[in-house]
Amino acid sequence: MTKLSFQELILKLQYYWQDYGCAILQPYDVEVGAGTFHPATVLRSLGPKPWNVAYVQPSRRPTDSRYAEHPNRMQHYYQFQVILKPSPDDIQDLYLKSLEHLGIDMQAHDIRFVEDDWESPTLGASGLGWEVWCDGMEVSQFTYMQQIGGIECRPVAGELTYGLERLALYIQGVDAVKDLDWNGQKGEKALTYGQIDFEAEKQFSKFNLELADTEILSRHFEDSQKQCIALIKENLPMPAYEYCIKASHLFNLLCARGVVSVTERAAYIARVRHLAKLCCENWIEMDKS
Amino acid sequence: MSELLLELFSEEIPAMMQQKAVAGYEEIFAKYFQEQTINFSSIKAYAGPRRITIHVSGISSYVEATTKEIKGPKISAPDNAIEGFCHSNGISKDLLTHQEIKGVEYFVYEQILAKQETKNILQNTLMNPISAYVWPKSMFWGDYQIKWVRPLRNIMCIFNGQTLDFKYGHLVANNKSFGHRFMSPKSFEVTSFAEYKQKLSNNFVVLDQSERKDYILHESSKIASQMGLVIKEDNDLLEEVAGLVEYPQILLGKIDQKFLSVPSEVLSSSMRSHQKYFSLFDKKGNFAPYFLFVSNIAASNPELVIGGNEKVLSARLSDALYFYNQDLKTRLDQKSQKLDNVIFHAKLGSIGDKVQRVAKIVQYLLPNNENLIKAAMLCKSDIVSEVVGEFPNLQGIMGYYYAKYESLSEDIAVAIRDHYKPQGPSDSCPTAISAFLALADKIDSLCGLMLAGEKPTGSKDPFALRRQALGIVRIILENKLPVNIVELIDVAGGNYSVYKDANLCSTKQIVEFLEDRVRHFLKDEYSIELVNAVLDLEKEQNMTDTKIKLDSLQEFIADGSCADLIVAYKRASNIVAGFVGKHTTINESLFDNDYEKNLYSFLKDCEPKIKAEIIAKNYAGSLKMLAAMRSPIASFFDNVMVKVEDQGVAHNRLALLAKTKQLFDQIAKFDQL
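The listed protein sequences derive, respectively, from chains A and B. Counted the way the working numbering counts, the first sequence spans residues 1 to 289. Counted the way the working numbering counts, the second sequence spans residues 290 to 962.
FYI, nobody ran anything at the bench for these hints, they're computed from the structure. Be aware that one or more of the hints could be misleading.
As the list claims (entries may be wrong) - Taking lysine to aspartate or glutamate pairs in the EDC-like style, the calculated list, with each CA pair at most 16 Å apart, reads: (1) B:K475 with A:D93; (2) B:K600 with A:D179; (3) B:K565 with A:D116.
Claimed, not checked - Which bits of chain B does chain A cover? Going by a derived footprint, with three or more residues having C-beta under 8 Å, they are: (4) 292-303; (5) 430-436; (6) 439-448; (7) 587-595; (8) 606-613.
Said to hold, decoys possible - To give an idea of the interface, some chain A residues facing chain B are shown, with a C-beta separation under 7 Å as derived from the structure: (9) M106; (10) D135; (11) P155; (12) V156.
Glycine included, every Cβ here is placed at the ideal spot set by N, Cα and C.
Excised from the complex, chain A in its bound form (with noise of 0.2 Å):
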């Protein structure tokens, strides 16, 4: 197998999935937990018009906050996602083929889909499929979506996320994400992935789990959801949205720094599951005229 740089695998993915015939998009500008969130997923996988789309979304869990002292565990990842809507008939096997584009060989390595069924309770959205297993790694998440914002998603798009630090690990043969090649060179130009990221990451770990004031996190907690509300009131679901996944973050920040007990966060997590279903109706109705 071919030792592809982090840069080559996503850009390998994108050239992939444009032969395809999906448009390649860029990372949604605001912090996201997962490529889910990302209004080409959320919003378009609504309603009857297809859809096919593949962008690389930067994402942040800051509760996986840990110093980058941990091997593989980071606040701050990538993810490859490709939706496509419907969901052809041939869909694993277009993914399978993507593997082999990045150089799996699918007759050398076990290959297995895992049943692991997608929730997001603050997106108030589900859906049933797999994790794909190479040797035992768990490379992508495979999700037939069936419910987004509680609304039921018909026809149902495909979601493939591909875990590109866990993918790369595997190509590159490399134990921790820090020593991962980023950019294929030699020498002075080389670069890591620990290099890139890696100050950011203790930076941000600080943050997230000891230094973010907790007053102004929930202040504009509030603060988003007024926002998110109003706009829907203009019918303008796409600025709603963005500042319904800006009190999902706020809400992911609040739980980092422990101050979010068990009852609070099932009502913290009713209240942005509550933004993203007006958001969508919203979108369906705006989507229909």
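Fit chain B to the known structure of chain A by using the hints.
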């Protein structure tokens, strides 16, 4: 005779759902054939990751002509109801006949069903049993209208060697099946089950789940024994991995020595839950640095697959090692401070509150035992540890390791570990101070949750209160603890005074609930009559004594010679029924024969002795004394009429019998026997 072969070819079906689907489809198809009145000799279903296959053999080619009665509305029903019935059956009213059912006259339509070819019936209705099975979760896909567990990609249906091309949703059944996803992905045509199985086998698919299971078990045991090791038995895991592969291949991987400092339970849990690997142990029970796993491909170079899996496991175990080392940085008492943030139950406060209550209960159960109190204060601390956060099934076990790490005594560590026990009927019961802690924890949960109105109803028992109650019973009985259960429930319930006032449940109801569980538990060992005769928690509040009584009474009855004594008791009991309380004074001067006098003197003599034996808990002794009364009672009944004309004498005799009965009642409810 014909056979039906149906293959539902799917994207990967969740492993844990396959076994139930096999049973479900077998049942549904059997019912379907019966409803269609098609004779058959056997039905068998098979499940794997990519297919559910149903094979029915010995099917008759025709269904003979028959009539079917369809019940319509009552004769007295309004016209439109009758018209509606006719309309829905496509008939006119003159085809209806009358029939009386349970005293009411109904219209009945006798439908005549002509002789039919089985093939036609199947062609027209086979989609029904396919959709009749309800998966635990099902889904839509693409832009299609049917729902299944995962996208259904193809239906193959062969009846009597011919393709049955019925439609199900957007799919039309054909004669094609497919080989292994990677080793032989091509399709092939099929005309019979035998050919199907053979072709699957040629194309690297083992159809029968039990064959896959047997193979995995056999091969992995072989590898283990070659290494002088044994596999940790795990039938659920075996079942799951057999459902993840069509062509099982067993491979052996190594574990880096550096991880062996982590407790083996953590290693095993990580391997099992994340990776579905089997753990190996040496003959002495020490964790061996190897793992077995089941792959789905005979890879050109298995070392590559093994190497990949070793790497993944290494990353997983690095996580475990990291968490474990993090946990060792704080003591259990430091961790316990975080328990106030962990909810036990919305109405019943935090786990921190629970710990305080449990500590009070152990103080009641075994006062001033320092180790026990310490164990109580620390028993829940590991819940907030990183390892338990990752592997909730290790609660208790991790507490044990952390306690040992901070050099707490073995007693305390074991009590922390074992206080969740017994976790099921086959799990062992804790002993020594662990028993008191386990009992306190369970009685606290039981009382709190019952008082909060969470009593189990029917099959719903979300808090596993029946299991908790059974645990309480077993801990007390197996350790022979001299616990007054009613008082204990009062103590534990008293910690929740707020909810007692809410009046959702009384402590009496908790006693009744528990008594029910005790009955359920004891009837495995004793006859239900015996249990009913002895068990009464309100009266005998010490379950251990109840058990001693049961043993004594069982032995007493087994003797056989007391059968007439029980008959005599019941006779006495029947006679005095309705007179109890009215005739309690016995007047010796009204005795007019020796049988009465004799019985009375026996009673006077025995009563204090029996009471003394009961107080001394010598139930066998008290029963022996009752037995001694056999002959005076028998003589009494043989020779004395109770209901005589002289009311004074009659009442006196009734009082004598009532007193006799009372003496029996002190020991057991003999009328239950």
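Holds or violated: is the Cβ of A:V156 closer than 7 Å to a Cβ in chain B? Because about 5 Å separates A:V156 from the closest Cβ in chain B, which is inside the 7 Å limit, the hint holds.
Counting residues of the stretch 439-448 of chain B with a beta carbon closer than 8 Å to any beta carbon of chain A, are there 3 or more? Held - the stretch 439-448 of chain B has 3 residues with a Cβ nearer than 8 Å to chain A, which meets the minimum of three.
Coverage of the stretch 292-303 of chain B by chain A (three or more Cβ within 8 Å): holds (count 3)
With a cut-off of 8 Å between beta carbons, are at least three residues of the stretch 606-613 of chain B near chain A? holds (count 3)
For the pair we were handed, B:K600 and A:D179, check the Cα-Cα distance against 16 Å. holds, 15 Å
A:P155 as an interface hint toward chain B, with CB separation required under 7 Å: holds, 4 Å
Given that the stretch 587-595 of chain B was listed as covered by chain A, double-check it with a C-beta distance under 8 Å for 3 or more residues. holds (count 5)
Mind taking a look at whether chain A covers the stretch 430-436 of chain B? Criterion is 3 or more residues with CB to CB distance under 8 Å. holds (count 3)
Is the shortest C-beta separation between A:D135 and chain B less than 7 Å? holds, 3 Å
Taking only the CA atoms, is the gap from B:K475 to A:D93 under or equal to 16 Å? holds, 13 Å
Does A:D116 sit within 16 Å of B:K565, going by the straight-line distance between their CA atoms? Status holds; Cα separation ~14 Å.
Quick check on the hint: A:M106 CB to chain B CB, less than 7 Å? holds, 5 Å
Of the hints listed earlier, there is not a single one the structure fails to meet.
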